[in-house]
Amino acid sequence: MPNAHDALALAKRALSYVKGADQASVAVNVSDASYSRFARNYVVQNIGSLATTVSVNYVKGKRIGSSTTGDTSDAGLRAVAARAADVASRVPANPEFVSLPKPGTATGHSKSVFPATASASPETRIDKLQSVFARMERSSLNSSGYTTTQSLASAVVNSLGLSAAWEGTYAGLEIKAIGERTSGYADFWTRDYGALDAAERAERAASKATVSNEPADFKPGTYTVILEPPAFVDCINNLYYGFSLGSIKENQDSWMIDRIGKHVFSPNLTIVDDWSHPLVANQPFASDGAPTKKVVLVEKGVPKGYVSSTYLANKFKEANTGHDGYPINAIVMPGTKSREQLIAETERGILISRTWYTRPVDPRTCTITGLTRDGVYLIENGKLTKTLKNFRFFTSMVSALKDVELGNKLYRSESSDAPQTLLVPDVKIAKFTLSAQTSFA
Amino acid sequence: MANQHAARAARVLDTATKRGAAYADVQFWEGTSEQLFVQNGVVRGVDSSTTVGYGVRALVDGSWGFAGSDRLDDGGLDATAARAVAIAKASTRIANRIRAVTPTDKYVDTWSTPLEKDPRSVSLSAKANHLLTAEKALHVDKSIVVGYAFTFGEDTIKEFYSTNGSAIRQRIVQTGAGVGCNAVGGGDAQARGGPGDFGLYQGGGWEVVDRADLIRNAARYGEEAVQLVKAPVLPETTADMILTGAVLNLQMHESIGHPLELDRSLGWEANFSGISWATPDQVGKLKYGSDAMTVYCDNTLPKGMATVGYDDEGVKPQRVTMIENGVLRAFESSRDTAAQTSLPQTASVRAQDWASVPMVRMTNIVLAPGEGTLEDIVADTKDGVLMDGIRSWSIDDHRLNFQFGPQLAWRIQNGKRTKLYKKPTYTGITPHFWGSLDRVAGASEMVAWGTPNCGKGEPEQSGRTTHACSHARFRNVTMGVKADA
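Chains as they are written, first to last, in this note's numbering: chain U, 581 to 1021; chain A, 410 to 894.
Some clues are possibly wrong.
[Said to hold, decoys possible] Quick list of in silico lysine-lysine cross-link-like pairs, DSS-like style, CA-CA up to 25 Å: (1) A:Lys891 - U:Lys982; (2) A:Lys891 - A:Lys828; (3) U:Lys829 - A:Lys825; (4) A:Lys828 - U:Lys895.
No lab work stands behind these hints, which were simulated from the structure alone.
One chain only, chain U, in its complex shape (with noise of 0.2 Å):
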């Protein structure tokens, strides 16, 4: 399996070929991975994959040249520092560069390995996808999704004496369930495989595709909506670009340009960056070994804080947030009410479970569009009432977000476009476009 104490070996033995630098590093990742992909309720893809590499940063005054090998042979190594020193050589300088990260490290820990996840094996995998197929096909339905189970290590060491190493586990569960007109969705993602009640997920996910055969018309217009994880997840992360030094400073396409300090948001509404949550439990350093910090990002609706990488931090003569770029640990802070309870709050509006291709149109407002999937429902006196076809929505996140009330739980979410960390609660939000209607549910 792999592991801190051999990436960073790894890792200092490669660094021990560079020669010739004013400064350099390098940067280990393993990976082992296992994914059982399902669909009609048999397994269509079922495979694993062992990979290393290696990245050398090699630095002669303002010269940075790089180079990634998997080739972990002596010979590899040397070969690959070879190769980042010749780029060096023939790039002109950067002016802009300043150091690499200085020693340091993050204050905090969290447990990331699970011997559950770490041990699995295809027939773990498979016997947990037994209980999802039984649960589809006891009310006739299709399925489609993955489950995975992951061993990772990483490792960053450099020649002013930074030394960090992380090691974790991951895993996941993701069912849809296939009506003849309807769907329904469920996930689960975890460090620890042996937390993972796949016939739950199953029952949640076959109960949502089954709460209706007869997905209704329903006239787009601007509605309150309650978004559960996987749908709020996948808006909000468009949020997330705007919470960087470089979209602020550098390309100027941030919503936050203007907005810091102010009241921007609901009260309700706050978000922090924080790797050592113990539902994130992340990697503590950036790609280049900075340690990463905890940062606010929101409090009580005002915009506060942005990430930075060491890269941009030297040049903007800001703090180094230890980010490569964009939160990667956001966690929205969970509010006081159940699900039910703001279900059974809302006179009229639409529950939607999940959300696909949202993009963003416009950075400056963080205007997104995208489309609804896998359940969505009419509230009505605080019941769900019927199913709805599909949505397309479009409107500014920062409008949408000035008035939400948050659940009461966090859920590790993911997304096809999200490899993050994040965390969510569901959330009502008080106005939301829904521009046009689809002819499917």
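Chain U is already provided as a structure; the job is to place chain A on it using the hints.
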């Protein structure tokens, strides 16, 4: 080209067979890549990398297992072959599975991407200086706050071996280049860049960078970005719309290429990027678009990013008509998906890298040309809008309802460009939209627009696709849709 991995392949295939595989194949990848990125007069990043590894597929009782590894020693080869077989055996425990077909074909061959100018013949400093010159040309005004230019190059040797006796060695070279900028003013930021949607990416060598014409394009993009900041937003309108190839190729990608992936239509992709409104039983019957619409899948296309001698399951490609005069004729497929439908196999199987399982991908899609030029279409348009560049795009998980946001729009009145607009949008439903196609420009303005990062699969793989097209006009399109209206 001499095969380098024949002995290793023999060991892998022997181990897989002894462990119980009825069929197995292995593909070794040796890749080098080089990327340069320049921003605001500074060479921000230069990376020169290598990767070596292999992926093994084992077929046991009709179920596939895949294992990838970069361990090339005997122990690594044995362990990876054994892992692929063990994974396949685990899948056989599912009772109601559809069994995969056992491959029977055998090819012993070599193939290379045709190169006019080998990227290795151009020095790194010359490449960097070219990008610095191009990036500088963007800065036509102080409102341009960020300019960038980049090149991308990959040179991959693949060796494929199977228990049927196939031994195929290929050299695949792909190159890309682009330039773009952000202009700000009046509380707004406008991006402009290209060529194409995010640069010109093609199969080939440094000649692709020459074709991208970065320096000349940069000056134009800079001027247009400055104008866009001051331009009004395109108002809501329904009119004729002309798409340049820079937009049309992405429209083809989302509303033709993806819906016609056969694995998607069979539901294999349902949880991630969705299914398709087009189904195999509609072949020969479904009216996908107007009579002006004929589309090919051509994995032999010169300059195509997906052009190969053999696909990643060792099948020789050919040109297949997907849509003929608006009528659906075929899907992009693999052995297994084709076998489930009795449709032709199109050699559309690709893996992102050695660590990724080969699967059905959109490959090279070609919109058959019509006649004339873009300017002929503009001159022939009484009242319309011309869209260019890409800012935003989104389509539903049946590939029907889409909304695109190009970088700029020109109002066309009486055959002439009259006014520039920013933040244009247009929306439509796939068969209605392609049904409104009334004119495609001629072959002289066709470009093979490649995409280097098409997302599909779980785990998500980044695929290389191409959409070859000229320009086209669509009738009565809804444009200028607004958020929070």
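Checked hints:
1. Restraint check for A:Lys891 and U:Lys982: the C-alpha separation of about 19 Å stays at or below 25 Å, so the hint holds.
2. For the suggested pair A:Lys891 and A:Lys828, the alpha carbons sit about 19 Å apart, so the restraint of at most 25 Å is met.
3. Between the alpha carbons of U:Lys829 and A:Lys825 the distance comes to roughly 39 Å, so the proposed pair goes past 25 Å and is violated.
4. Of the pairs offered as hints, the one joining A:Lys828 and U:Lys895 is violated, with about 40 Å between alpha carbons and a cut-off of 25 Å exceeded.
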